[in-house]
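K.L.:
Sequences listed follow chains F, R and D, in order.
Take the first sequence: its letter number 79 is residue 79 in this note's numbering, and every next letter is one higher.
Take the second sequence: its letter number 257 is residue 257 in this note's numbering, and every next letter is one higher.
Take the third sequence: its letter number 294 is residue 294 in this note's numbering, and every next letter is one higher.
Hint data in this document are derived by calculation from the structure and do not stem from the laboratory.
Bear in mind that the values here come from a model prediction, so they are computed numbers and not experimental data.
One should not assume that every hint holds.
[Said to hold, decoys possible] Computed from the model, here is a short list of chain D residues facing chain F with C-beta under 8 Å:
no., residue
1, Val65
2, Val113
3, Ala134
4, Leu138
5, Glu142
6, Ser158
7, Leu162
8, Ser299
[To be verified] Using C-beta positions, here's what the derived DEER-type ranges look like:
no., chain 1, residue 1, chain 2, residue 2, range
9, R, Pro128, F, Met126, 15 to 21 Å
10, D, Thr164, F, Lys161, 51 to 57 Å
11, D, Glu318, F, Val51, 32 to 38 Å
12, R, Val160, D, Gly298, 31 to 37 Å
13, R, Ile164, F, Arg81, 34 to 40 Å
14, R, Pro128, D, Asn376, 35 to 41 Å
[Stated by the list, open to error] Each computed BS3-like pair below joins lysine-lysine, with the alpha-carbon atoms no more than 30 Å apart:
no., chain 1, residue 1, chain 2, residue 2
15, F, Lys260, R, Lys137
16, D, Lys196, F, Lys121
17, D, Lys196, D, Lys382
All C-beta atoms, glycine included, are put in the ideal place defined by N, C-alpha and C.
The lines below spell out each chain.
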Amino acid sequence: MALYLSIFTQILITIVAVSGVYVLTGLTGMFSLGQAAFMAVGSYASGILVVKLGVPFPLACVLAVIIAVAIGYVVGFPTVRLRRDYISLVTLGFGEAITALLNRATKLTGGASGFIGIPKKTTFLMALLSAIAAIALVSWFKTSKYGRQCIAVRSDELAAKAMGINVPKVKMTAFLFSVAVTAFSGCLYAFYITYVDPTIFGWKKSADWVIMVFFGGVNSLTGSVAGAFILSGLPELLRSLDQYRSIIYAILVLLIINFKPSGIFGEWELTFGNLKKLGSRRSRKALKEGKN
Amino acid sequence: MKGGHTVSLQIVVNGLATGSVYALIATGFSLIFNVLKFSNFSHGALMTLSAFAGYFIAAQRGLGLIPTVLVAMVTGALVALAGEFIAFRRITLHNTSPVYFFVSSITLGTMFEGIVTVKVGANFYNYPQFFQNATIKLGNVVISTSDLLMFCCSAVALLVLAYIIQKTRVGRGLRSVSFDRDTASLMGIDVTRTIQFTFLVSGALAGLAGVFLGINYTLYPTLGSLVVKGFIASVIGGLGSLSGAIIGAVLLGLIETLSISMVGSGYTPVITFLLMLVFLLVRPSGIAGSNIQEKA
Amino acid sequence: MKKALALLVAAALGLSMTACGGAASSSGAASSSGAASSAGGASSAASSQAAGEGGEILIGCLQDVTGATSSLGQMVQAGAQWAVDEINANGGIGGKTIKMNTYDTKGDVTEAVNAFTKAVTVDKVSIIVGPPVANIALAIKETSEQYDVPVMGLALDSNAQLKTDGTPYKNMFSFQPNADQQGAIMAKYAIKNNFKTFGAIYNESNAYSTSLLTPFVETVEGAGGTLPKELQVAYNANDTDFKTLLAPIVNAKVDAIFVPNYTKDLVNITTAARAIGYEGALVCGLDACPPFNTMLGGSCDGVYYINNIDDTQTVLQEMIKAVKDKTGIDATNKFFLGYDIVQVAAQVLNETGTEDPEAIRTAIENVTDFEGFTGNITIDPKTHMTTGMEMVMFTYEGTTPKLLEKFAA
């Protein structure tokens, strides 16, 4: 039970982060390999505020998200104006820089030995509520004016520009929104594990999140969330494989990406309408089979 | 800075040496970008895999440098080919968006790294000493034999590559596929073959780079993480441009070395990041300014 | 059809790659672990029952079997497994055999918490052989408070064992001298050797490296030596240009350079230092022990290092040879640290049985004068770390290790 609770809490925290990545990658078509660095900013900022300055936890979360968004603005301003394939590599450089700074600022962050002494505040319920809130917020964003503009930019930037969409502004909005969500997941993470070190926020982590989005379905929030759920749970299921684990994991992901490139869910979203449709299709099918 | 003239010359030499390692990494990476328009994140793990193959098949048995390099290059080429078939073929055929390459390549890299970790286990490995004299002295400047040899090897490999791309039939095919895959296919170019060829060459370059990385920095399962430097170099140089990648790599090597000797190593990643941003803002298509149009 | 074919080929290729990796390692690197893990996988569910039936005692091995520090983790695992096999061959503990499950942390703190929770709540292991990497121990220490399973680890960082109020985490133990002690031992030795001026080069992104620096600097300066701030050169994980990094230290003409890093960095740094003409001493950490000498591929004169074991003893040499013959592993100090932990655990479980976790913990707290390969182990119940444990200073003559002196902090 404790194990499931622990695993599920971590999965929920990952889902918060991945719903941020969905806004960036799924909706807007930008790749960030520095997304985990924003999680680091969230983790360290909230941790330092609470442990060193005695700020209450909820306020620390808010401040940490604001700090992350501010940094995101500085990084995003030049980045969103770049060609898309550059974004992933520039954000990768940003991630490396953040890691280096965290290692440098030993007095504040504990350096490579990590930041210790964070109190345990995140509970399963809090993670669950946060995940629901994040998903609700993102799905609102998706259907809002901004979300539709994002999709337009993703599909054809030139056409979007011609339609009068301010492309850098839309990209920036999506970028900052995703930074905020990811930074918040960092707060949850730090106050769940109670310890953070700079190594866990490398570009591989950001890449893992992008993979989760694609695995579930890059065009579907439901899919992205499901992808996060499955892929962060999978390593636990495969634990008995020991050192072969990462190999088998990679093979499974490769199979899905190659044979179902639209991801498990494709464009399908979990809504009441779609559920009804699914239900009626099923009953129609059953009816047909009944007739035959 | 302290010793004046000779020390700074030494720093330039060190920077060039570092730069030529990065150049070797960046070219293999850039080649794939040139043709398929995606960042091949499995390149690093492929370097590690072939470096270890070179060790286990050749170096461990007492064979010299040349057999080791050949084994690593052949392994790299074959594994890259297999990787293309497993991870990228279907994506190319279905004309799915290039972003899938990105995801596939990261996963493929994870798989390669996993295989290496299993094989390597708890032991440490290093190539045997291939050179009688580890360093050469020119006046006050010290140059490692391996650096010098690597510089020559990469120069030769890159010249051969340039010749193939510019002058041969395959090379023309490669360029046309790079420019527009569909049209090339209509003009009777076998796109799949061309892509396979690209992976073959890129894999061989990964093997070459892997062996030299191994000679310089010993063999370990995460050796390939140095590929990040190759990424940054190719961004500075202009993604997809081979000459740009080389210039970017040498520049990055020099800048890193200079920043180490002036402000210390701790801030080097920050400096490279800022530099990358400045470069992209001033010259968004990189130094070489390649002809890739964005089409999502 | 084509789809199915491609799928088949992909699967076959993947499997054959893993299979040949496995085949290779069963004759080579990780035979004991491979066997243990496949058995562990199959019976991890059944094992908790088995333990209850009285036939088996289950212990856990929480290690970085994959990831950046996999070679360290696999080495500890191999040593622990060797001890388990030896104990079982001698009749086990009170008629029961020991079974060891390995839990991979990937070197990732999140994974580590899950792996730990699985070991203690699902598999219900009696004791955990902990990791040599302090970050992992730091990550699980809070979680471990909720349970009653001792983690017999190797963390150098005393924060992994001690709370901020100075009392120990009840389950966290370390079985080698901590960073303060090891740093001090190296510094004392260097000062005694008449080295006065020092430089240091350390990996800023590595906890082992950074945690040794401060105690070394403090001890050196306390004893009248100098190690000024500007000669403490930091570098990052992907830095490779050690010639430029070392230049200011070498130009300052120091007596010795302190190099508390992992093996591959030590090789690179030593090579670079010699290449730019540095002829002074290099005072290294644990990882300059063999196979450093064979990896460097040249004379290791002037390299001093600290070790947990005295591998010039014939007993150890015979054992190293036996390990090499059977598993292909070149056993280093991490192997013997893992080995000793399991031996201590066996002694403790022999005294107390597996029923009463409180008794097991108290017994570990009171381990006194256990003669292991890594020295005389006495645990201080107040800190859960070793006290007065000796370490051995070595140097090389050519490529042969030469014992200098045994030292306690």
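K.L.:
Taking 8 Å as the limit, does the beta-carbon of D/Leu138 come near enough to a beta-carbon in chain F?
P.N.:
holds (5 Å)
K.L.:
Just tell me: holds or violated, for the beta carbon distance of D/Thr164 and F/Lys161 against 51 to 57 Å?
P.N.:
The hinted range 51 to 57 Å holds for D/Thr164 and F/Lys161, with Cβ atoms some 56 Å apart.
K.L.:
Quick one, is the D/Val113 hint okay against chain F at 8 Å, beta carbons?
P.N.:
holds (6 Å)
K.L.:
Can D/Ser299 be said to touch chain F, with a Cβ gap under 8 Å?
P.N.:
This hint is violated: D/Ser299 lies away from chain F, its Cβ roughly 32 Å from the closest one there, beyond 8 Å.
K.L.:
Less than 8 Å between beta-carbons is the criterion; does D/Glu142 satisfy it with respect to chain F?
P.N.:
It holds, given that the least Cβ distance between D/Glu142 and chain F is near 5 Å, below 8 Å.
K.L.:
Against chain F, run the beta carbon of D/Ser158 and see if the smallest gap drops under 8 Å.
P.N.:
violated (11 Å)
K.L.:
With a cut-off of 8 Å, does the beta carbon of D/Ala134 approach a beta carbon of chain F closely enough for the hint to hold?
P.N.:
holds (7 Å)
K.L.:
Determine whether the Cβ-Cβ distance between R/Val160 and D/Gly298 falls within the hinted range of 31 to 37 Å.
P.N.:
Since R/Val160 and D/Gly298 have Cβ atoms about 33 Å apart, the given range 31 to 37 Å holds.
K.L.:
Would the hint linking F/Lys260 and R/Lys137 be met if the CA-CA limit is 30 Å?
P.N.:
Given that 30 Å is the threshold and the Cα spacing comes to 58 Å, the pair is violated.
K.L.:
Between R/Pro128 and F/Met126, does the C-beta distance stay in 15 to 21 Å?
P.N.:
violated (56 Å)
K.L.:
Let's test the interface hint: is any C-beta of chain F closer than 8 Å to that of D/Val65?
P.N.:
OK, holds: D/Val65 within 8 Å of chain F, min 5 Å.
K.L.:
For a C-alpha distance cap of 30 Å, please report whether D/Lys196 and D/Lys382 respect it.
P.N.:
violated (35 Å)
In summary, the structure is inconsistent with hints 6, 7, 8, 9, 11, 15, 16, 17 from the numbered list given earlier, while agreeing with the others.
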